[in-house]
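Novice: Residue numbers (this note's numbering), protein chains in the order written: chain D, 1 to 685; chain X, 1 to 685.
If you are wondering where the hints come from, they were derived from the structure by calculation, not from laboratory data.
You may find that some hints are simply not true.
Treat identical chains as interchangeable: a pair holds within one or across any two.
Said to hold, decoys possible - Simulated pairs of lysine-lysine, DSBU-like, Cα-Cα distance not exceeding 35 Å:
no., residue 1, residue 2
1, Lys302, Lys227
2, Lys265, Lys302
3, Lys188, Lys17
4, Lys161, Lys37
5, Lys37, Lys17
6, Lys158, Lys37
7, Lys265, Lys283
8, Lys292, Lys430
2 protein chains.
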Amino acid sequence: MNAKNLTKLADTLKTLKTETPYNYVVPDLWNCFDYPKDAMIQTRSGELMVNPYDFYRYLVDEVFIKKTRKGFDPHIAISQNNKRRDRGDWVKKSFMYSTMIRTSSAWDHDRSGELEINNLYNLKETGTFIKMLALLPLLKKMDIDTLYLLPISKHSTKIKKGDFGSPYAVTNFTELDPNLKDPITEDKMTIDEEFAALVEACHLLDIRVVIDIIPRTNAIDNDLIAKHPDWFYWVKADEAYETPRVAGIEDGTYPELEPLEVAFKDKMIQKHLSLFDEDPMTKDLALWNKVKRSKNILEAVKNHYNLTIAPAFSDYINDLQPPWTDVTFFRLYLDHPKATRGFLKNPDKQAPYILYDTIKSNLYPGDKPNMPLWETLANIIPTYQKRFGIDGARIDMGHALPKPLLDMIIKKAKAIDPDFAFIAEELNPKYADIAESFGYNMIIGNGFMMSPRVFTGHAKEYYQESIKLPIPTFACSETHDTPRIASRFGKERLATTLTVLNMFMPNGVPFLNAGQEVYEVQPMNLGLDATEADRYHLPEDDPYYNKLALFDKVALHYMHERRWNIPDILEHVSKIRKRYLTQMHNPKHVIALETDNPAFIGYGFYKTSKKQKGNMLIVLANLNPDHDYSWHLDIGKLRHKANNTAMEGKLLFSTHEFPRAFTQFVNNHVLDIHLGPGEVKIIEI
Amino acid sequence: MNAKNLTKLADTLKTLKTETPYNYVVPDLWNCFDYPKDAMIQTRSGELMVNPYDFYRYLVDEVFIKKTRKGFDPHIAISQNNKRRDRGDWVKKSFMYSTMIRTSSAWDHDRSGELEINNLYNLKETGTFIKMLALLPLLKKMDIDTLYLLPISKHSTKIKKGDFGSPYAVTNFTELDPNLKDPITEDKMTIDEEFAALVEACHLLDIRVVIDIIPRTNAIDNDLIAKHPDWFYWVKADEAYETPRVAGIEDGTYPELEPLEVAFKDKMIQKHLSLFDEDPMTKDLALWNKVKRSKNILEAVKNHYNLTIAPAFSDYINDLQPPWTDVTFFRLYLDHPKATRGFLKNPDKQAPYILYDTIKSNLYPGDKPNMPLWETLANIIPTYQKRFGIDGARIDMGHALPKPLLDMIIKKAKAIDPDFAFIAEELNPKYADIAESFGYNMIIGNGFMMSPRVFTGHAKEYYQESIKLPIPTFACSETHDTPRIASRFGKERLATTLTVLNMFMPNGVPFLNAGQEVYEVQPMNLGLDATEADRYHLPEDDPYYNKLALFDKVALHYMHERRWNIPDILEHVSKIRKRYLTQMHNPKHVIALETDNPAFIGYGFYKTSKKQKGNMLIVLANLNPDHDYSWHLDIGKLRHKANNTAMEGKLLFSTHEFPRAFTQFVNNHVLDIHLGPGEVKIIEI
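Please take these sequences and the hints and turn them into a complete structure.
Specialist: Rendered as structure tokens:
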């Protein structure tokens, strides 16, 4: 099948190339595809000076288009190119790379000292779909097979947090974020074609594409307001609106019925409820028909109705999170929640409102679902499937959606691609079974909180319990919401240890957060398990000091001194992982190996074999970054299951030494193991 | 007067400018002329990204051409624009900046990691006359009034030491070094016009230009060989030629008659003498008339005559210096030296030879001066005077020239400009009177050896003895031949101390070696007071590690963290210096101030005044970079001479504190002085 968008891109780059000399640099990690040496200059920093037209065109022609093949259509999901159906369970054995394109493919290409939207060459220095292509060979080197994209839809620019505003404040679900359009194609390609080219390229490299869908919240200046003001909550514009606090209830209380009843009696809540009003269309249709034609509808509504969109806040009572000023909630039901209706003083006169009950509409449904809205939300994924052939999605705040709406969303996507995968934004492994019952293929889990906490035993618990979960969890030590693992306890050493160990977590889906491969220390957001101190991991003179990628113009530190370390390691260990991947996901073929030390993690995986050798993989990690240990390790149970009698093995990998023969046997059942500080050893016997 | 070459340069830059975007950077020190902020981008390194056409044109138009004035002709020496004659003694009160243009105006403008001859924009990254213009405002800021240029003539590329070869191996005295031509003017300007523009610009800023003339040695592939093979010494091409060593004579013996007699009896010397032969023209005129038309004359002479030019070596017997393979000596006399002729076995059959006697031809003249050659050498300076209006010259190895030849050289220059200044390459202040008698205005002296040696008392001797010299010496702590002062004992701290102190040395001419103002540590050459270890002051990953500017492609470290420190200090103290300049050069107005510490240097200067105050300048330095001292300092003699009774003064400058009132008087005659480590204090009372 022809990769039509990539072909168009190559042609466009050829057409638009000029004879201007280009002093344009890219990080050397962006060239994992042997760009010809005589076409570039390696600068002293290690950055590569290239002609961007030639560079990206070479990449498209030589790396992607060469992979086009008969019978493979890069425009549809990879699973749809296969015969075997798996209901999206391919995601369970994937290796995922999470990226926000605006950040991941950002670079100060002209070295002016600024990430310019329009640089010396009228090119963009923040990330674009096209520049993201240059990272795919790096991902492929690490054996990443799934690209997980943070939101790529048009988002709010009204309430800008930071330089840009958050991609989670979506203003239009089906339009792509214009920030990600690359000016290198001028007006010769649309942004849709550019994203389509990226998906084509991923598919040609056997990399699936998963997007992030946000059906529960949306920007306070969402494009839908003009057509459907009644899908939103409105408050009086001239009165102070704040996140309510309920007297006598603990901070962060889950909104069960009992505390809710207390809350509704609270004066501040009553004041809060009184701020809400009917939507402007319902209030005055004739006026609305004029107002909705205004350029700035929100401004017009404010002037004519004294109304504005109500900002969102957390679904937990008295949560300490700051108000979410850039987003609001959709009005999922047309009436008040059934269970809490009675708590209202005058339900008939109460205008639709945002409170813990309406936020948590999965727990507190009304009687009248807002069906046109539900249809709209359920159609988001299908439009990305049809236009780009994406392979899966994460549902943001899916736990706060009514079950019937979630069912609709999943059903519509599966109707197009029965193997479309769904990832639940479920952090608690306890609820993995619920997520499974809802139709999710995996959950996010809490690896980012557990794995860095070694001496409390959290890490051990995390790495031992995963095998018992009904569906896999991410094997991850950081996400875009959390501190960076290289900035935490153990720094780069433990970051390396955990990144390797995550490749072998039973029932785990290894998850690399963009930047983790270059030991990035600056978090992208402070949403989870972070403190304000996490803003300040970079030196003050760093251009991205105190910047958060979710809101600000940021590039990753691709020129980190040890930038090739994790990519080189992952290139090696992912090959080992693949050979035992089936076993890792089958509890029967996983044996936990134990010592008395909470810093020790040990796994044995075995294949059924008649050879009595070469069928056991032993993965051992010392999560203490500062101390080494020696253990006598009992592998008797593993030997027995594997029916393996070999007294010589191979050290296939260590973070601390070169591969070698492994002969440290105390006896048939006991290994004599030494692990250096933070060492991971992978032994095959 | 019109600055015709600068005007042509501005016009040329305007004509040749294209619409190409230029990612071209210069160090920020190159912009001491307020280039408009909106015309440049300051990169994170501090380098300025500019359009080179606009940048240099703005400089030419706004800084230089604006200074053109009626009655001032920038094409002739500055003195010739004045009415007062001083026989070149203007140089005694000058402040000199020594520069090799190839290095001083070198920069990796496209940040490719290499100093390219032809960079991304077809522009030159090594230094050029035109780029040197951008340094003049920095020089002016520091109040430099004399630009001392290392050789700018065409030099040998046959025997390249390093990347380029030494500018001291001159191949043509009157042609300019084509390396210094700037491709930015393409073929619209000649190299002569470009150097003329530099001299114009200097003169317009009241900066005189002094050049370096090398009449004693010249390149072994000098252009004169074709016309005058008999001006050179020839040896057999197929026999090993080496610097001779004389048995039984100490290393580095001065070639007096006695050791010379011993030498001539030495077997190696006899072997050495036997290698010489008559020049090819004398040997076979008919053959020569063919051979001289060859493209590569030396090669042809070798093939047809088995002869080649004899390389030079030191004039000291058994000097340990390596042979000077890139240069030879001129044959200044047509016959053998009178005094040593008798030492030769067979004077009539001995071909002209290079040995200590013929090298030291001032001591060992022959009877027949090579007059056409002498005329040629004596005409070098006049051609630069006539073509460019230069103001002075240093005579390289002038001490090894016959007195009559030196007289000719000086006389010819003075005939054109009676105020033309001559600097003697005399390092020993003992011989300052001889230099004076020869017509020199000043000597180089030995500041670079003396001033860094604090605890041996050398520094003290140097700073105290200068006032007694009949003509001034350079007040300098490094030259292009020596280690950098910032790399020596006391590092940047003592470098600062000495650089300031040199501004106030009585009878001294402050001398700044290009790079000294940015604490450069890499020497340009290892010719004097240096060891091999001095090659390695830079970190191994520095692009100029182990490079010597005299031979290699090198740029100065203009982006040094404290690059503005010395320029800012000199801007301030040079104003103070000027107010007492007359006194500094008049022994009657200089009083040495004393303590018992060899690290202490103190001067008092006074003006005759009736006010009894504000007429004494006290300069105090603590050359111990690691320790502070307190002294009770007797200024009684100075008070008396100055007829000064004031009990309050001003601390005009300190390297360690801000200016303030000075009131630390023990009594009328005694100051209570505290000097921090390496501190210089300048007090006016």
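Novice: How would you classify lysine 37 and lysine 17 at a CA-CA limit of 35 Å: within, between, both, or neither?
Specialist: both (20 Å within a copy, 31 Å between copies)
Novice: How do lysine 265 and lysine 302 come out at 35 Å by Cα distance, when the copy is not named: within, between, both, or neither?
Specialist: The answer is within: 30 Å in one copy meets 35 Å, while 111 Å across copies does not.
Novice: Given a CA cutoff of 35 Å, do lysine 302 and lysine 227 count as a within-copy pair, a between-copy pair, both, or neither?
Specialist: For lysine 302 and lysine 227, the Cα distance is within 35 Å only inside one copy (17 Å; across copies 95 Å).
Novice: Have a look at lysine 188 and lysine 17 and pick one of within, between, both or neither, based on CA distance no larger than 35 Å.
Specialist: both (13 Å within a copy, 30 Å between copies)
Novice: Given identical chains, is lysine 265 near lysine 283, meaning Cα to Cα at most 35 Å, within a copy, between copies, both, or neither?
Specialist: within (28 Å within a copy, 122 Å between copies)
Novice: Please work out whether the CA atoms of lysine 292 and lysine 430 approach to 35 Å or closer within one copy, between two copies, in both situations, or in neither?
Specialist: Neither: 47 Å inside a copy, 97 Å across copies.
Novice: Could you figure out if lysine 161 and lysine 37 sit no more than 35 Å apart (CA to CA) within one copy, between two copies, both or neither?
Specialist: Classified as between; 30 Å across copies, 42 Å inside a copy.
Novice: I want to check one pair: lysine 158 and lysine 37. Are their C-alpha atoms no more than 35 Å apart within a copy, between two copies, both, or neither?
Specialist: Cα proximity of lysine 158 and lysine 37: across copies only (31 Å, versus 45 Å in one copy).
Checked against the numbered hints above, the structure violates only hint 8.
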